[in-house]
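K.L.:
Sequence:
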Amino acid sequence: MKKLLFIHGAGIQDSHQDNSELITYLQEAFGKNNISNPKMPEPENPKYMRWKEQIEKELIRLDSEVILIGHSLGGSVLLKYLSEETYTPSIAGLFIIAAPYWGIDKNWQSGEFMLQENFHLKLPSTPQIIFYHSRNDEIVPLVHQTYYLEKLHDAAAHILNDGHWFNNGLPELVDDIKACRLDVRFEIFLAGERFKTIK
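Everything in the sequence shown is counted per the UniProt record's numbering, starting at 1 for the first residue and increasing by one.
Everything labelled a hint here was simulated from the structure, so no lab data went into it. Just to be clear, a hint being listed does not mean it is correct.
Listed next, with one range per pair, are the computed distances between beta-carbon atoms [what the hints assert, rightly or not]:
id, residue 1, residue 2, range
1, Ile-104, Arg-61, 16 to 24 Å
2, Gly-103, Arg-135, 17 to 25 Å
3, Pro-127, Arg-61, 17 to 25 Å
4, Gly-169, Asp-105, 15 to 23 Å
All values derive from a computational prediction rather than experimental measurement. Even for Gly, the Cβ is constructed at its ideal location relative to N, Cα and C.
Let the sequences and hints guide you as you build the complete structure.
P.N.:
Rendered as structure tokens:
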């Protein structure tokens with residue numbers, strides 16, 4: 001089993017609005033020993049450089065082919081790290097959940113987290129990149145996912161109805177991770193219906 005690295009979002013951890021329930025769901029699906037979910041530095045006041053350093057430590061420690069999962073800020077930080085740093089592991093899959101696309105409007109301005117204009121050209125080779133977002137996300141509007149997909153033409157996406165935190169689990173993510181070991185085609189799903197097929 002490939003190791004999974006889960007990077008959580010910003011804000012208070014160990015509360016009713018965090019990733020604890022989603023992480024528990026993934027641990028039940030893949031086993032606690034197969035998932036690394038480090039607490040990122042000062043999540044209530046996150047700084048990119050400190051998160052970057054923590055991610056690099058985790059990747060060096062795993063030192064093998066990994067599956068990367070990022071929720072909210074954790075997803076956008078993973079994309080920034082992978083597109084700007086020279087050290088990256090072999091990546092079996094990259095799964096981005098409810099991530100903000102910094103800079104799209106006045107409400108989402110944070111220079112330290114913004115991606116470079118051509119970030120999509122600098123990402124390492126990754127067999128699968130899949131986005132997950134809820135149309136009723138109360139924190140990061142669905143339009144953020146659209147911006148990512150306009151850049152990453154080979155990425156796939158799920159549009160769901162589970163809010164920002166996915167506290168009831170994310171079976172689509174589990175299925176996609178399991179498929180990482182297979183040579184399969186991924187699809188974009190719109191409320192459970194096939195929308196578009198992507199390699």
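K.L.:
It remains to establish, for every hint, whether it holds in the given structure.
P.N.:
Status of the hints after comparison with the structure:
Roughly 34 Å separates the CB atoms of Ile-104 and Arg-61, a value that falls outside the hinted 16 to 24 Å. Between Gly-103 and Arg-135 the Cβ separation comes to about 22 Å, which falls inside the hinted range of 17 to 25 Å. At roughly 22 Å, the beta-carbon separation of Pro-127 and Arg-61 lies within the given 17 to 25 Å, and the hint holds. Against the hinted window of 15 to 23 Å, the Cβ-Cβ separation of Gly-169 and Asp-105 comes to about 31 Å, which falls outside the hint.
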